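Novice: Everything in the sequence shown is counted per this note's numbering, starting at 208 for the first residue and increasing by one.
Read the hints as simulated data drawn from the structure, not as lab findings.
Hints may contain errors.
As the list claims (entries may be wrong) - The list that follows gives simulated cross-link-like pairs (lysine-lysine, DSS-like), each with its CA atoms no further than 30 angstroms apart: (1) K428 with K438; (2) K538 with K500; (3) K264 with K314; (4) K367 with K210; (5) K376 with K428; (6) K315 with K368; (7) K210 with K264; (8) K368 with K210; (9) K428 with K472; (10) K428 with K264; (11) K376 with K260; (12) K438 with K472; (13) K428 with K314; (14) K260 with K315; (15) K500 with K438; (16) K367 with K260; (17) K376 with K472; (18) K472 with K538; (19) K376 with K494; (20) K438 with K376; (21) K438 with K314; (22) K368 with K260; (23) K494 with K589; (24) K472 with K315; (25) K376 with K264; (26) K376 with K500; (27) K376 with K210.
Unchecked claim - Listed next, with one range per pair, are the computed distances between beta-carbon atoms: (28) L469 with D543: 38 to 46 angstroms; (29) N292 with P561: 24 to 32 angstroms; (30) K500 with N566: 12 to 20 angstroms; (31) K438 with P344: 40 to 48 angstroms; (32) M547 with N510: 43 to 51 angstroms; (33) F503 with A406: 24 to 32 angstroms; (34) E255 with A444: 44 to 52 angstroms; (35) G262 with D523: 34 to 42 angstroms; (36) Y549 with A444: 39 to 47 angstroms; (37) M547 with E347: 21 to 29 angstroms; (38) D543 with G411: 50 to 58 angstroms; (39) Q502 with R600: 32 to 40 angstroms.
Source: prediction; values computed, not measured.
Every residue, glycine too, gets a C-beta built ideally from N, C-alpha and C.
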Amino acid sequence: MSKHVALAFSGGLDTSFCVIHLREQGCQVTTVTVNTGGFSAVELQRIENLSPKLGAKAHHTIDARAELYEHYLRYLIYGNVLRGNLYPLSVSAERVAQAAAVVALAKKLGATALAHGSTGAGNDQVRFDVAFRALAPELELITPIRTLALSRAEERTYLKKHGFEFAEKTEHYSVNEGMWGTSVGGRETLDSWSALPEAAFPGGEIDARNLTPRLLTLGYKQGVPVVVDGKPLDPVALIAELNGIGRIYGIGRGVHLGDTILGIKGRVGFEAPAAHLLIGAHRELEKLTLTGKQQFWKDTLGNLYGQLLHEGHFFDPLARDLEAFLESSQKHVTGDVNLMLYPRAYAVTGVRSPHSLMNAKVASYGEANRLWSGAEAAGFAKLYGVQQILALRAGENE
208 MSKHVALAFS
218 GGLDTSFCVI
228 HLREQGCQVT
238 TVTVNTGGFS
248 AVELQRIENL
258 SPKLGAKAHH
268 TIDARAELYE
278 HYLRYLIYGN
288 VLRGNLYPLS
298 VSAERVAQAA
308 AVVALAKKLG
318 ATALAHGSTG
328 AGNDQVRFDV
338 AFRALAPELE
348 LITPIRTLAL
358 SRAEERTYLK
368 KHGFEFAEKT
378 EHYSVNEGMW
388 GTSVGGRETL
398 DSWSALPEAA
408 FPGGEIDARN
418 LTPRLLTLGY
428 KQGVPVVVDG
438 KPLDPVALIA
448 ELNGIGRIYG
458 IGRGVHLGDT
468 ILGIKGRVGF
478 EAPAAHLLIG
488 AHRELEKLTL
498 TGKQQFWKDT
508 LGNLYGQLLH
518 EGHFFDPLAR
528 DLEAFLESSQ
538 KHVTGDVNLM
548 LYPRAYAVTG
558 VRSPHSLMNA
568 KVASYGEANR
578 LWSGAEAAGF
588 AKLYGVQQIL
598 ALRAGENE
């Protein structure tokens, strides 16, 4: 009995090679394309047409954008997660979401194996492997590109022999687009010094002279973004709206330098307008509605949650514990945030909430208060520094 393989399929060089190779190994192949925001309708149709030509038994396209938000992105917003205080975890979240969708379909179809087209050089292989093994340990895992260690030139030659032309890339930059952000790689990201030119980003060069400042108002309900400029939107549509607005201004661009799962340093450019706008506004709303201790632990545990997701540990039970904490923290994070957009930057200009902890009727910082007297404040200030006084006196005796 031949193996029935469910292949995570992008329609590119690597996964197209996988279809023909697996078929030649006697496998029946079902290709699965999981849309997490990086495919146009035209591209999805091209992929659907290509699959049977390569010899796949069947092809399935899954729209996982809503699931991506519900199970991954909303927690990144709750936790204000930007890796290195800069990089939104777009690819990290998308790969885990894609792997989970492939597994769910594979089980439904009765597949006996799972496959992906990642190489042995990057983070994605780990994310797919871990997710596949965690969610479907009973299914065989096949990784043709990594196992065979072929060059892309060898893959093109192989596909050409089978009647499929994949021209060598002539673009200077590789672009990986998704709902939560677009990553950009090129010669400048191979070292730690070179600057990535504006033209490399999907939004291209920004004409700052013809961009006037724009006021943008975002509304949140218990941490969930629900309104843009007074217009209610579902999360997927809202993120798309903000990506369109922010891209015009060149907002959410940068180059991230950090640690990869494999232990080496890596550098990648990115463009993520919605992620930066939503997280920046959300963080400011939390400053108004959460206590200082809540904010401290949210910063700490939100960063830990992002680390688990980025490094392929999303299915560790700790991630569910952290999600419960993050969701609980959002009970009072409801209100509106005003952002002023400028070329390549934005500023929070105002925030309001029915759960505001800033109450001028009780006290105004540096001005007056009604909760304590001047004598009480003097006593507090004296006691507040007692331990420091004692520590310094103890040090004098050394």
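Novice: Give a verdict on every hint.
Specialist: Quick rundown of the hints versus the structure:
no.	hint	verdict
1	K428 with K438	14 angstroms, holds
2	K538 with K500	15 angstroms, holds
3	K264 with K314	16 angstroms, holds
4	K367 with K210	25 angstroms, holds
5	K376 with K428	45 angstroms, violated
6	K315 with K368	34 angstroms, violated
7	K210 with K264	12 angstroms, holds
8	K368 with K210	24 angstroms, holds
9	K428 with K472	38 angstroms, violated
10	K428 with K264	45 angstroms, violated
11	K376 with K260	22 angstroms, holds
12	K438 with K472	42 angstroms, violated
13	K428 with K314	36 angstroms, violated
14	K260 with K315	24 angstroms, holds
15	K500 with K438	33 angstroms, violated
16	K367 with K260	13 angstroms, holds
17	K376 with K472	25 angstroms, holds
18	K472 with K538	38 angstroms, violated
19	K376 with K494	47 angstroms, violated
20	K438 with K376	41 angstroms, violated
21	K438 with K314	40 angstroms, violated
22	K368 with K260	14 angstroms, holds
23	K494 with K589	28 angstroms, holds
24	K472 with K315	39 angstroms, violated
25	K376 with K264	29 angstroms, holds
26	K376 with K500	51 angstroms, violated
27	K376 with K210	33 angstroms, violated
28	L469 with D543: 38 to 46 angstroms	43 angstroms, holds
29	N292 with P561: 24 to 32 angstroms	30 angstroms, holds
30	K500 with N566: 12 to 20 angstroms	18 angstroms, holds
31	K438 with P344: 40 to 48 angstroms	45 angstroms, holds
32	M547 with N510: 43 to 51 angstroms	28 angstroms, violated
33	F503 with A406: 24 to 32 angstroms	41 angstroms, violated
34	E255 with A444: 44 to 52 angstroms	24 angstroms, violated
35	G262 with D523: 34 to 42 angstroms	38 angstroms, holds
36	Y549 with A444: 39 to 47 angstroms	25 angstroms, violated
37	M547 with E347: 21 to 29 angstroms	54 angstroms, violated
38	D543 with G411: 50 to 58 angstroms	31 angstroms, violated
39	Q502 with R600: 32 to 40 angstroms	33 angstroms, holds
Violated hints, in rising order: 5, 6, 9, 10, 12, 13, 15, 18, 19, 20, 21, 24, 26, 27, 32, 33, 34, 36, 37, 38; the structure is consistent with all others.
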